[in-house]
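Let chain Y serve as the given structure and place chains V and Z on it in line with the hints.
One letter stands for each residue in the lines below.
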Amino acid sequence: MKPKVGFFDFTGCEGCQLTVLNLERELLDLVELMEIVEFREISSDQGEALDIAFVEGSICSSAEIRRLKAIRARSRQLFALGACADTTGINALCTDRTSEQLVGEVYGTAVGHLRYRHPRPLEAFVKVDGRVPGCPIDGREFLAILQSLLIDRMPELPTYAVCAECKLLELPCTFERGVVCLGPLTRAGCDAHCIAEGDRCRGCRGQVDAPRSGPYYRILEEHGLSEEDILNELRIFNLSGEKRG
Amino acid sequence: MDKNEALQIQPRPGQPEKQAGPGAWYLLSRGDIDRLVRSLSVAYEVVGARMKDGRYTLDRISDPAELELEFPPRVHSPKKFLFPNWEKLFRFRLGGKVMLEAEKAAVPRVIFGMHPCDLHAVQVLDDCLFEGEADSTYQAKRQATVLIGVDCEPDAFCFCTSLGTDKIDSGFDLFLHRSNDGYLARVGSARGLRLLRRYLPEIREVDNPQLPPAGKSCQRSIRFPMESLAPVLGEVYDHAIWQEIGERCLGCGSCNLLCPTCYCFNVQDRLDLNLQGGERVRTWDSCQFDQFTRVSGGSDFRPDQTDRQRHRFFRKYKYLWEKHQRTACVGCGRCARECLAGIDNTEVLNSLFAEQVAAEQSPSPGLEYQPQMAELLSVDSLTGREKLFRLRLPEPVSFRPGAFMQVSVFGVGEAPLTIASAPDADGHEIELVVRSKGSLTRALHRLKAGDAIGVRGPFGNGFPVEEFVGRDVLLVAGGIGLVTLRSLLLTILARRGEFGRVMLLYGSHSIDQALFRDDLKRWHLGDQLDCRFAVQHFGSQWGVTGGDITHLFRDLDIVPARAVAAVSGPAVMYRNVNPLLFGLGFTTETIYLNLERHMKCGLGKCGRCQINDITVCQCGPIFPYSQVQHLREAIER
Amino acid sequence: MKIAVQHLARIEGHANLVIDSARGTLRELRLEIVESPRFFEAMLKGKHYTEVAPIAARICGICSNSHTLVSLCATEQALGIEVSEQTRILRLLLAHGEILQSHLLQLFFLAIPDYYGVSSILPLVRSERALVGHALQLKKLANDICRIVGGRPVHPVTPTVGGFLRLPEAAELQGLRRDLVAALPDLEASVDIFAALDYPDFERETEYFSLRGDGDYPIFGRRLVSSAGVDCAVADYQQVIEEYLVPHSNAKFARLSGESFMVGALARLRNNFDHLSPMATQVAAALEVGPTTCNPYRILAARLVEVVHGVERAIHLIDDLLLAGLAPEELPTPKGPGWGAAAIEAPRGLLFHAYRYAADGRIEQADCVIPTAQNLANIEADLRALVPQLLSSGREELTRQCEKLIRAYDPCVSCSTHLLTVDFA
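Protein chains in written order, with the working numbering: chain Y, 6 to 250; chain V, 35 to 671; chain Z, 420 to 844.
One chain only, chain Y, in its complex shape (with noise of 0.2 Å):
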C-alpha cells in the first residue's frame, strides 16, 4: 500500500508547490512511491484520509481555518511546505498595521464586508508534524525529507546555519565586501544558495534553533547598522511576532 499523500495550499505564491512540480528529473520516480491524492493546483481530485499533508501558504481567513483543521483531522502527519506556512515567511510584512490601514493603502476606501485576518503560520491553528524551510523551499530537501517520512524516518533538518555551506563552497563573505548577510543566523539546507548566485543571504529559511543573536547584533552594529536596520533586516523573513523560539 503506497502512503497517499496530498499537496495544499492556502495564502501563498504557490512557489512551494511549483518547485516540487520542478523536480522533472525525480517526479517519475517519485510518482511510483506514493500515491498522490490531492494537488490542487495541477488536479481536480479530492481525497481522503493521507498519511502526509504538505500544506503551502499562511492562514489569513476563519474559512482558511475551517479548511486546514479539516486536513489536519484527516492527515496522519502535517508537514508546513515553505516559509508561509512555516513562519508567516514574507506575508508577515503586512502585520505592522492593522487590516483596516493595509484596505486603506492599497484600495483607497475601507470595504465593509472584508473578513481579512492577519496571515499567521500553520501551527497557529493545528499541530504541524514538521516542515520544509525556505522561500521558496528546496527541491532536494523536500526530496530527503519526502524520502524521510516514506520509510517512517522522522527528517531533520540541520541545526546548524547557512555559514557552514557557504564555507564548504568557498564563497567569499558578503561581509567583506560590506554587504550585510544573514547567513550566520539562518538554518542550513539550502547549500547557501542565495550566496553562491552572487547575491546574500536574507534568512527565507527561518533562524537555527538557538540563533546566536547576541554576537551577530555586536558585528552589525560593527558594521554600521543601528538597530532599526537590523530590524528591517530581519523583517522580511524573521519578524513574524509568533515564529518558533
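If you're looking for bench data, these hints aren't it; they were derived computationally from the structure.
Keep in mind that a hint or two might mislead.
[What the hints assert, rightly or not] DEER-style ranges, computed between Cβ atoms:
| hint | chain 1 | residue 1 | chain 2 | residue 2 | range |
| --- | --- | --- | --- | --- | --- |
| 1 | Y | R81 | V | S333 | 29 to 35 Å |
| 2 | V | T327 | Y | D234 | 32 to 38 Å |
| 3 | Y | S153 | V | R228 | 47 to 53 Å |
| 4 | Z | A549 | V | A77 | 40 to 46 Å |
| 5 | Z | Q593 | V | V301 | 38 to 44 Å |
| 6 | Z | A652 | Y | D101 | 34 to 40 Å |
| 7 | Z | S503 | V | E281 | 45 to 51 Å |
| 8 | V | E281 | Y | D101 | 27 to 33 Å |
| 9 | V | Q406 | Y | G183 | 50 to 56 Å |
| 10 | Y | V184 | V | G249 | 35 to 41 Å |
[To be verified] Covered stretches of chain Y (chain V as the covering partner; in silico rule of three or more C-beta atoms under 8 Å from a C-beta of chain V):
| hint | stretch |
| --- | --- |
| 11 | 123-131 |
| 12 | 211-222 |
All residues carry an ideal CB built from backbone N, CA and C; glycine is no exception.
Here is chains V and Z on its own, set in the frame of chain Y:
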C-alpha cells in the same frame, strides 16, 4: 640561516650521484612543469590552484596553463581531497544486509601546490587517522595521492613562522622552490623521483642548488614555545577568556571547516531516489555546532560556545599535543582569517601565556620587597626606650590583632614591628611601638611627625577574634609583649558587649619600663576589664604586686571552660605561665601564644622565622598552643 | 440549477465559480476570488530599492521572474538607471525561460487533462508516459534557462537593480543552446498533440490588449496597444486601464474602452503576429491560430506558438551573448527620488509595476496590476456567453466546459496583489 646567503645543500658524503633519492634536487622550467602536468593527467587526476570566479581554489586542472604555483595562503585547504566532506563508506539495501560492492580504489591524484603548513597538516591527519585501527578510506586516498609542495608568502593572518611550519623537510613527494631560473624541485620520496625520471627524463640534477634567500615573516605569531602551551592551557580551564570569546562566537563552525587538521565527522544514511537502497556517508562536522555533543534525551555536555571554543583550543593545542607531541595547529590562519567574530587563536594564546608568565614572574623584580612610604603622624615617648609611632598609610590595610609590618629606613635596613593599634574600618592609620635597641630603631627614633617612613605589610596571622566572641578573655603580657595584646584588647574594647569577662595580667621589670602606663591606669580604674600588674623591681606608689607575673595567678577567679587565654611575652614567661594556665584548666586549644621572631621578608621565604617546620610570618606569629606544642624550638628555647 | 465549484482546481490560486440558472436562463454567474489578499503594495511601502524586487517576486511563484524583472525596470525608471545591452539580453532570455516554463506547465499539467478526460497529469504518467516524459523534458529545459540565468526557477536570485549579481558561464550557455536545439523535435511532437485536440467551438470577439513590439515580439516594451485602438506609452497605463469594483464580485475588475478585455498569449499573438519567429508562424498555421482568432479555448494554441517562438528566440539570444562575450559589469548607482512605471509581457499577459521612491531610496507608493485581474471581467463575459449554449447539456458537462474555459486563461489568482476577498460562509 643568514638571509643574505643562498641556501646551500651539501650532498651527503659518499653518496653516488646517480643513485639520487629523497633529498636530490632538479632544476625545472615552467615549461617542464606544464609538460609534467600534461603527462600526469593521463594517469592521475591533477589538482592545483587555479582562478575560479575571481578567486583561487584548489581544483582539477584540465589545462596546465591554469595551474598557479604561487597563490595566497587564503586558498581552502587540500584536506578536501584527502578527507573529503562527503565520503561514501558503503552502500546498503533497505531491509537487507550490507551490499557487497566492488572495492573502489581511491582516484590516483596529484596535488600540485601543498603549502608547507598544509603538508604539516597532513602529518597531523596521519597521526590522528592512522592511530589505532587506521581509517582505511583516508589511507586509500593518502596512498593514491602524490603531494607536491610549493612555497608561499604569508599574509596578515599566517603565523606559521612561530610554529616552524613555514618550512618542511619531509612528508612530500616533490617540493618546488621558486628559483631565479625556474623551479628547484626537491625530491621527498622514491615515488617523487620516479615520477620526475619517468615524465621528465631529460631534466638535470643539481648538486648545489642555489635557492633564493628564504625570508618569510609573519605579522602574527605565537610568542612562546609550543612545548609550554599544553601546560599553560592546563591551568586555564576556567579562565574568563573562554567566556569572552564564547560570547562573541557565532557557532558557525567556519574555524573547523576551514582548518586543515580538523577531521571530526558525522555519519548519515542517504537514500536512493527509488528507496530501494542507499549509502552511508560521512560528512565533516564541527565541535561548534549545536548537535555535535547532544546526547539522546536532549542533554548536551558542552552546551554553549564558551565550552565549545575552549574545547577547540584544548583539542588543538593540548589534547592532541599530549598525544602526538605535534601541534595540531599549523599556523595557516584560516580560522581567524574567515572568522566574522574576529576570534584569533594567536591573540587568545598569547594573552593566556602572557598572563601566566605575569603571575609567575612579577613584572618588576623585587617589587614585593619595596616598601611604600607612610607618613609619620605623631611620635610619643612611652618609656625611656620605647616610642609610639602613629602612621598614615598610602593604602588602607586590614589585619587581625597580632599582625606585623616591616618597617624600614633606607640605608639602615628593615625590621618587623607588631601593630599596636586595633584594626579599624578606615584602615589608613596604624600605631607601632619602637624600642630603641639597634641602629635601625635608633634611626627610627630620630624621626619626627611629618617624616616619611617605609612600610610593607601587614603580614602574619593574628588572633582569631571572632572565635573569642561570647567568651571570657584572659590576656597575659610580659614586657614589650603588651604591644601585641594591646591591639587585641583595643579590638575587644571596641566591641566590648560581644565578649564576657576580660582580664589583663601584665608584668614588667619596673614601673618605669611598663608600656602604655596611661592606658593601663585608665583600664585599671575603669570597669571594662580587670587589669592587674606585677613588677619585679618594686618602688612605686601604685598598688602593684611585687615579683614576676606568676604572682598574679594566685587568686585568679576564672572559669576556664568559657575562657581563652592570649599570652604574649618572652619565652621564659611562657615556660612559667603555661603550666599555670593548664593548672587552671585551660587547654591547648584555648591558649594562644605570640611567637614573634625576626622575620626578614614576611613572605615565608627567608627562613629566618622558621620554627622547626613552621614559618612564623605565614602561620603565626599568633598560634594556638596545640599547633606549636610539638615544636621544640617554639617555647623551650 | 445551481452550480458552485469551490476551489477551482488546476489554476494558480483560489477561486470559486457560482452559476445559478432557472428554466433555461442564466440568473447569476460569478467568478469569486477567495484567495486572501496579500497587500503587496502596502508591504513594499518603506522598503529599500535593494529589497523591492525580491519581495515583489513573492507575489507569484509561477511568474516570479516576470515580477522581478518588471520590478527592477520600474525601480530603474524611477531611479534613473540605464542597463547595459548584456543585461537587457540576459533579462530577455530569463523572461523567455519563464514564459516557456509557465506555458508548458499550463499546457501539459493543467490543460491537457481536460482534453484527455482525466483529473490530472498523474494518471497519464502510466497511460501516456511518452507524452509526460516529453513534457517534463521540455519543462526542465525551460527551468534550466531560469536556473542558469536567474539562479533558480522560483524567486530568482541573480537579477538586481542595474544588472546581474552573477553571470552565466559561457559553457553553461553553450550547453543550454545545444539542449534547446535538441528539443525542437519534441516541440514538433507537441504541436501534433495540440493540433489534434478537440477545441470547443466557441467564439467571442473582445478587446485584445498587449505591448506592441518594436521589431520583436514583445516582452519588455514602451508601447501599449489594443485591438480597439488604444495606443499609448506604458507610463500612461493608469490612464487607460480603469480598475473598478463590481457589486456582484469581490475582485477588482479592469476595463479599457469596452466592458472587458483580454491580455495574455492570444492578445499578444493577435497584436504582434508579424513579429513571430519563422518557425512560430508555421506552427500558428498548423494550430489554426492567427490575428483573427477569437476562440478563448484556442489560447492554448497561442501559448504553444509562443513556446516555439520562445525556444527559437532563446537560441538567438544565447548566440548574441556568446558572440559578444559575457563581461562582469559595475552596477550603476541609483539617483532618487523619482517615479517609474514598467510593463512586461508575463506569461499570462501584461504586468505593470509602478513605484514612487523617496530620496533615501525607499518606496513611498507602489502599484502592481496583474494580468489575471485584467482578464477576470473577460472570463466572466465569456462564461455569460457560453453558459446559455450549454444549459441543456447537463450540470456535469456545463461545469466541465466552464472550468475548461477558465483554465484556458490560466488565471493566476495567487498574484492577488489587490484582489478583494469575502468570507462566503
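*May I ask you to test the hint 34 to 40 Å on the CB atoms belonging to Z:A652 and Y:D101?*
holds (35 Å)
_Three-residue Cβ test at 8 Å for the coverage of the stretch 211-222 of chain Y by chain V_ = holds (count 7)
*Is the gap between the beta carbons of Z:Q593 and V:V301 within 38 to 44 Å?*
Check passed, 40 Å falls within 38 to 44 Å.
*Taking the beta carbons of V:Q406 and Y:G183, is their distance inside 50 to 56 Å?*
Holds - the Cβ-Cβ distance for V:Q406 and Y:G183, about 53 Å, lies within 50 to 56 Å.
*Falls inside 35 to 41 Å, the C-beta gap from Y:V184 to V:G249?*
holds (37 Å)
*Can you let me know if the beta-carbon spacing of Z:A549 and V:A77 is within 40 to 46 Å?*
holds (44 Å)
_So is the stretch 123-131 of chain Y in contact with chain V by the C-beta rule, three or more residues under 8 Å, or is the coverage claim wrong?_
violated (count 0)
_Range hint 32 to 38 Å (beta carbons of V:T327 and Y:D234) holds or violated_ = holds (35 Å)
_Range hint compliance [Cβ, Y:R81 to V:S333, 29 to 35 Å]_ = holds (30 Å)
_Looking only at beta-carbon atoms, does the pair Z:S503, V:E281 fall within the given range of 45 to 51 Å?_
holds (47 Å)
*CB-CB spacing for Y:D101 and V:E281 relative to the 27 to 33 Å hint*: holds (31 Å)
*Measuring from beta carbon to beta carbon, are Y:S153 and V:R228 in 47 to 53 Å?*
Holds, since Y:S153 and V:R228 (Cβ atoms, about 49 Å apart) stay within the stated range.
In this structure, the one hint that does not hold is number 11.
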